[in-house]
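Novice: Sequence:
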Amino acid sequence: MKYPTDLVTLVRKRAQGMKLEGINEGAGPTKPKLIIIGEAPGREEIVSHIPFHGDSGKELMKSLASIGLKREDVYITSAVRSRPYSVKKVFSKKENKEVTKTPNRKPTKKEILAHAPFLDFELKNLDCNLIVAVGNTALERLLGPRNKISNEHGKIIKKTSILELNSNLDGYQWSKKKYNIFPEYHPAAVFYNRKLTTQIEQDWQVIGRYLRDENNE
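Just so you know, UniProt numbering puts 153 at position 153 of the sequence shown, and the rest follows in order with no gaps.
Be aware that one or more of the hints could be misleading.
Here are the computed distance ranges between Cβ atoms for each label pair [claimed, not checked]:
1) Lys106 - Gly208: 40 to 48 angstroms
2) Lys159 - Lys97: 52 to 60 angstroms
3) Asn168 - Glu25: 21 to 29 angstroms
4) Gln199 - Met61: 13 to 21 angstroms
Note that these hints are calculated values from the structure, not bench results. Even glycine gets a Cβ: it sits at the ideal position worked out from N, Cα and C.
Full structure from sequences and hints, please.
Specialist: Here it is in structure tokens:
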């Protein structure tokens with residue numbers, strides 16, 4: 001989705017001084033089968049401009065395929081649309097000197113708030129009945145910090161308000177519009193805990209059944 005120039009200018013100003021690289025727009029149709037919200041672009045995504053382009057993207061595509069969907073059927077975005085990075089000095093044996101590394105990291109609450117206008121804009125301009133929040137960062141952006149994937153994955157939270165930027169642009173308020181939210185583990189979770197593989201597969205089948213029931217109404 002093309003972000004308006006004034007929106008990009010606003011977010012750049014809000015994020016000034018933060019260790020964030022680039023800006024990637026969300027990708028997908030305006031009437032998607034699902035809206036998938038992740039955490040933030042990584043190093044590969046910020047170069048390719050394709051959300052979930054790396055290894056976690058391959059896992060996400062497997063999950064989509066398991067319910068008969070492709071990347072082109074869904075809209076993919078994230079809580080932060082720039083790559084959060086840290087700066088580390090390390091000694092390189094290959095170069096025989098100290099070098100600077102900028103690895104990916106989790107976005108801060110201030111960075112998520114700075115980028116809130118992007119997600120608010122997307123959700124107001126997309127026509128879709130189900131949002132899949134993959135990972136705690138996405139879920140907390142929508143429903144607040146008390147919500148955790150480990151407790152709420154695999155079930156649809158129906159017709160709920162979500163957090164959106166307030167009129168003062170300095171915090172959140174609850175939306176008047178209601179949404180259906182499906183909390184789910186981040187696709188990368190299986191890299192750290194293979195035991196989650198079966199659970200994630202089962203959760204995605206819940207999404208598949210919801211979409212089939214929706215089509216039959």
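Novice: Hint by hint, note whether the structure agrees.
Specialist: Status of the hints after comparison with the structure:
1. Roughly 30 angstroms separates the CB atoms of Lys106 and Gly208, a value that falls outside the hinted 40 to 48 angstroms.
2. Between Lys159 and Lys97 the Cβ separation comes to about 58 angstroms, which falls inside the hinted range of 52 to 60 angstroms.
3. For Asn168 and Glu25, the Cβ-Cβ distance of about 26 angstroms falls inside the hinted range of 21 to 29 angstroms, so the restraint holds.
4. A hinted range of 13 to 21 angstroms holds for the C-beta pair Gln199 and Met61, which are about 18 angstroms apart.
Against the hints set out earlier in the document, a violation occurs for number 1 only.
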